[in-house]
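Q: Model the full assembly from the supplied sequences, consistent with the hints where possible.
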Amino acid sequence: MLFEQIARNKRKTIFLLLGFMILVTLVGAAIGYLFFNSLETGAFIALVGGAIYAWLMIEQSTEIIMNMNNAQEITNPSQAPQLWNVVEDMAMVAQVPMPRVFIIDDASPNAFATGSNPKKAAVAATTGILDRLNREELEGVMAHEMSHVRNYDIRISTIALALTAVISMLVNFGSNFWFLGGGNRDEDERKEGGQFQILVMLLSVLLMIFGPLVATIIQLAISRNREYLADASAVALTRNPQGLISALEKISNSEPMQHADPNSAALYIENPFKKKSFANLFSTHPATSDRIARLEKM
Amino acid sequence: MSIIITIIIIAVLIFMWISIYNGLVRTRMNTQETWSQIDVQLKRRNDLIPNLVETVKGYANFEQGTLEKVIGLRNQIAQVPNANHDEKMELSDQLSSSLKGIFAVAEAYPDLKANVQYSQLMEELTNTENKISYSRQLFNSSTANYNGKLQSFPTNIVAKVHHFEPSEFLETPTAEKEVPKVSFGPDGK
Numbered sequence: 002m003l004f005e006q007i008a009r010n011k012r013k014t015i016f017l018l019l020g021f022m023i024l025v026t027l028v029g030a031a032i033g034y035l036f037f038n039s040l041e042t043g044a045f046i047a048l049v050g051g052a053i054y055a056w057l058m059i060e061q062s063t064e065i066i067m068n069m070n071n072a073q074e075i076t077n078p079s080q081a082p083q084l085w086n087v088v089e090d091m092a093m094v095a096q097v098p099m100p101r102v103f104i105i106d107d108a109s110p111n112a113f114a115t116g117s118n119p120k121k122a123a124v125a126a127t128t129g130i131l132d133r134l135n136r137e138e139l140e141g142v143m144a145h146e147m148s149h150v151r152n153y154d155i156r157i158s159t160i161a162l163a164l165t166a167v168i169s170m171l172v173n174f175g176s177n178f179w180f181l182g183g184g185n186r187d188e189d190e191r192k193e194g195g196q197f198q199i200l201v202m203l204l205s206v207l208l209m210i211f212g213p214l215v216a217t218i219i220q221l222a223i224s225r226n227r228e229y230l231a232d233a234s235a236v237a238l239t240r241n242p243q244g245l246i247s248a249l250e251k252i253s254n255s256e257p258m259q260h261a262d263p264n265s266a267a268l269y270i271e272n273p274f275k276k277k278s279f280a281n282l283f284s285t286h287p288a289t290s291d292r293i294a295r296l297e298k299m
Numbered sequence: 126m127s128i129i130i131t132i133i134i135i136a137v138l139i140f141m142w143i144s145i146y147n148g149l150v151r152t153r154m155n156t157q158e159t160w161s162q163i164d165v166q167l168k169r170r171n172d173l174i175p176n177l178v179e180t181v182k183g184y185a186n187f188e189q190g191t192l193e194k195v196i197g198l199r200n201q202i203a204q205v206p207n208a209n210h211d212e213k214m215e216l217s218d219q220l221s222s223s224l225k226g227i228f229a230v231a232e233a234y235p236d237l238k239a240n241v242q243y244s245q246l247m248e249e250l251t252n253t254e255n256k257i258s259y260s261r262q263l264f265n266s267s268t269a270n271y272n273g274k275l276q277s278f279p280t281n282i283v284a285k286v287h288h289f290e291p292s293e294f295l296e297t298p299t300a301e302k303e304v305p306k307v308s309f310g311p312d313g314k
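In order, the protein sequence lines correspond to chains H and E.
Read left to right, the first sequence gives residues 2 to 299 (the working numbering).
Read left to right, the second sequence gives residues 126 to 314 (the working numbering).
Simulated from the structure, these hints should not be mistaken for laboratory data.
Among the clues, some could well be false.
In silico lysine to any residue, SDA-like type, Cα no more than 20 Å apart, as pairs [unchecked claim]: (1) E/Lys238 - H/Ser79; (2) E/Lys238 - H/Phe4; (3) E/Lys168 - H/Glu89; (4) E/Lys285 - E/Glu296; (5) E/Lys168 - E/Ile139; (6) E/Lys274 - H/Phe4; (7) E/Lys238 - H/Glu89; (8) E/Lys225 - E/Glu248; (9) H/Lys298 - H/Met202; (10) E/Lys225 - H/Glu137.
To spell it out: a stretch of chain H is covered by chain E in this simulated footprint if at least three of its residues, at any positions, have a beta carbon under 8 Å from a beta carbon of chain E; those stretches are [unchecked claim]: (11) 89-97; (12) 246-255.
Here are the computed distance ranges between Cβ atoms for each label pair [said to hold, decoys possible]: (13) H/Asn68 - E/Gln157: 28 to 34 Å; (14) E/Ile135 - H/Tyr229: 27 to 33 Å; (15) E/Met141 - H/Asp132: 55 to 61 Å; (16) E/Tyr146 - H/Leu27: 36 to 42 Å; (17) H/Asn226 - E/Gln276: 31 to 37 Å; (18) H/Tyr229 - E/Tyr146: 36 to 42 Å; (19) E/Ser161 - H/Pro78: 20 to 26 Å; (20) H/Gln96 - E/Ile134: 33 to 39 Å; (21) E/Glu193 - H/Asn226: 51 to 57 Å; (22) E/Ile139 - H/Ala288: 55 to 61 Å.
A virtual CB, placed ideally from N, CA and C, is assigned to each residue, including glycine.
A: Structure, rendered in structure tokens:
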């Protein structure tokens with residue numbers, strides 16, 4: 002079960018990276034063809050650039066994601082003894098190396114794990130979770146996070162996040178260009194850059210179509226089933242379903258987080274924005290009541 | 126031709142034998158390592174206990190002999206030879222429950238609970254207790270892994286020839302499965 006999950010995650014990561022590289026190469030080829038009349042040059046530059054970018058993102062993913070979520074690293078156990086000790090315990094039973102520990106200054110209880118592999122893993126907890134959860138509950142939450150680390154769930158979600166960040170950046174760029182271009186009615190500029198502008202607009206449309214694609218990629222990468230699996234593995238580690246159950250209850254009955262990064266929402270143990278409106282179809286997390294019901298059967 | 130094939134088959138068999146043997150050594154080593162993790166935590170707890178006794182002595186009214194019993198168990202554990210897993214763990218369980226008793230009594234003394242040194246000690250001790258029970262869990266799962274290998278084919282043949290003995294499980298008392306019921310108030314962290 003565990004090894005299957007690890008293999009599946011590694012396979013998915015490769016598909017994700019391949020998909021990303023193909024996408025980047027196609028866009029590069031199109032730009033090269035339109036502006037420099039050379040399909041190959043564009044494709045080649047985009048491929049090399051995309052590979053370097055992806056590598057940099059993966060190398061720096063922990064820093065980037067922690068930064069996006071305003072998380073501060075703690076390096077000394079005395080800064081948060083209970084959190085540190087619980088993380089240490091859970092890393093020990095999950096048989097993964099001790100991850101880096103981060104704290105997010107936010108009163109809403111929540112937590113997540115990230116990193117490109119178990120050796121480079123990091124966990125983050127909000128100050129709210131430290132204030133409101135007792136030790137058993139915190140153990141449940143951290144065991145859940147360690148299961149994500151051990152399963153390589155963190156690798157796929159971190160890479161998905163890093164790669165989709167650049168696509169959503171391009172989408173923003175594209176839609177800004179669209180509006181700017183549409184608003185600009187200067188005759189001279191239109192004559193000079195008419196062709197250029199039409200091409201840019203076409204590109205913008207394409208980029209805007211990628212928008213939903215971004216969401217789809219995240220959905221594909223981060224299936225909701227993995228939350229159930231991580232809950233189950235967490236109980237296998239702590240042998241205490243009640244801790245995780247009451248932690249989930251406390252977390253789901255709290256206010257939304259103030260500064261969570263929207264793209265990172267899928268990483269958290271519970272949706273940090275508490276939105277229920279988008280129904281279940283697009284939500285990254287299964288309903289808490291479902292999760293609790295499954296835990297209670299254990 | 127047939128000589129070459131025979132040589133290849135023998136070479137493959139030797140290679141398999143060596144890798145099975147190495148696998149057995151590795152898993153046995155794994156159980157020994159997890160035991161030493163438990164031992165490290167037992168020692169750590171032993172180091173903390175004199176501090177705890179010093180700290181609580183002045184504050185709370187303990188029943189006659191409570192603290193002496195804790196000290197006594199601590200010294201006994203230190204004297205049990207390392208190979209005697211069962212006796213060591215049994216004493217450790219008794220010590221765990223005596224410590225829980227001390228924590229429970231201390232709950233009634235707000236002065237003690239407010240003491241910074243006490244709350245630090247309490248976190249350290251809770252941490253060690255948890256680590257003991259988690260490493261015990263780990264010891265049992267690595268033992269299960271090792272013993273399972275000893276019984277499965279063809280590893281069992283190699284194990285027989287090289288006299289690999291099954292390792293014994295540590296019994297987990299029912300009380301030990303519960304995390305100590307020590308409540309952490311907002312100031313007790």
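Q: For each hint, tell me whether it holds in the structure or not.
A: Here is how each hint holds up against the structure:
1. Taking the CA atoms of E/Lys238 and H/Ser79, the gap is about 18 Å. The hint holds against a cut of 20 Å.
2. At roughly 46 Å between alpha-carbon atoms, E/Lys238 and H/Phe4 are farther apart than 20 Å, so this suggested pair is violated.
3. Among the hinted pairs, E/Lys168 with H/Glu89 is consistent with the structure: their alpha-carbon atoms are about 18 Å apart, no more than 20 Å.
4. Among the hinted pairs, E/Lys285 with E/Glu296 is inconsistent with the structure: their alpha-carbon atoms are about 26 Å apart, more than 20 Å.
5. Between the alpha carbons of E/Lys168 and E/Ile139 the distance comes to roughly 43 Å, so the proposed pair goes past 20 Å and is violated.
6. A threshold of 20 Å between alpha carbons decides the hint, and for E/Lys274 with H/Phe4 the separation of about 18 Å falls inside it, so the pair holds.
7. Distance restraint check for E/Lys238 and H/Glu89: the Cα-Cα separation of roughly 25 Å exceeds the 20 Å cut-off, and the hinted pair is therefore not satisfied.
8. Simply put, E/Lys225 and E/Glu248 have alpha-carbon atoms about 13 Å apart, close enough for the 20 Å limit, and the pair holds.
9. A distance of roughly 55 Å separates the Cα atoms of H/Lys298 and H/Met202; the hinted pair therefore is violated under the 20 Å criterion.
10. Restraint check: the Cα-Cα separation between E/Lys225 and H/Glu137 comes to about 16 Å, which is no more than 20 Å; the hinted pair holds.
11. With a cut-off of 8 Å between beta carbons, the segment 89-97 of chain H has 5 residues touching chain E; three or more are needed, and the interface restraint holds.
12. Proximity of the segment 246-255 of chain H to chain E, defined as three or more residues with a beta carbon under 8 Å from a beta carbon of that chain, is not established by the 0 residues found.
13. Checked against the given bound of 28 to 34 Å, the beta carbons of H/Asn68 and E/Gln157, roughly 42 Å apart, lie outside it.
14. Between E/Ile135 and H/Tyr229 the beta carbons are some 50 Å apart, a value that contradicts the proposed interval 27 to 33 Å.
15. For the pair E/Met141 and H/Asp132, the beta carbons lie near 57 Å from each other, so the given range of 55 to 61 Å is met.
16. Distance hint check: the CB atoms of E/Tyr146 and H/Leu27 are about 53 Å apart, inconsistent with the given range 36 to 42 Å.
17. Separated by about 34 Å at the C-beta atoms, H/Asn226 and E/Gln276 satisfy the suggested range of 31 to 37 Å.
18. Take H/Tyr229 and E/Tyr146: their Cβ atoms lie about 40 Å apart, and the range 36 to 42 Å holds.
19. In this structure the hint that E/Ser161 and H/Pro78 lie 20 to 26 Å apart at CB holds, the actual value being about 22 Å.
20. At about 37 Å, the CB distance of H/Gln96 to E/Ile134 agrees with the hint of 33 to 39 Å.
21. Here the CB-CB span from E/Glu193 to H/Asn226 is close to 55 Å, well matched to the stated 51 to 57 Å.
22. Restraint check, E/Ile139 to H/Ala288: a C-beta distance of roughly 57 Å satisfies the suggested window 55 to 61 Å.
Hints 2, 4, 5, 7, 9, 12, 13, 14 and 16 from the earlier list are contradicted by this structure; the remaining hints agree with it.
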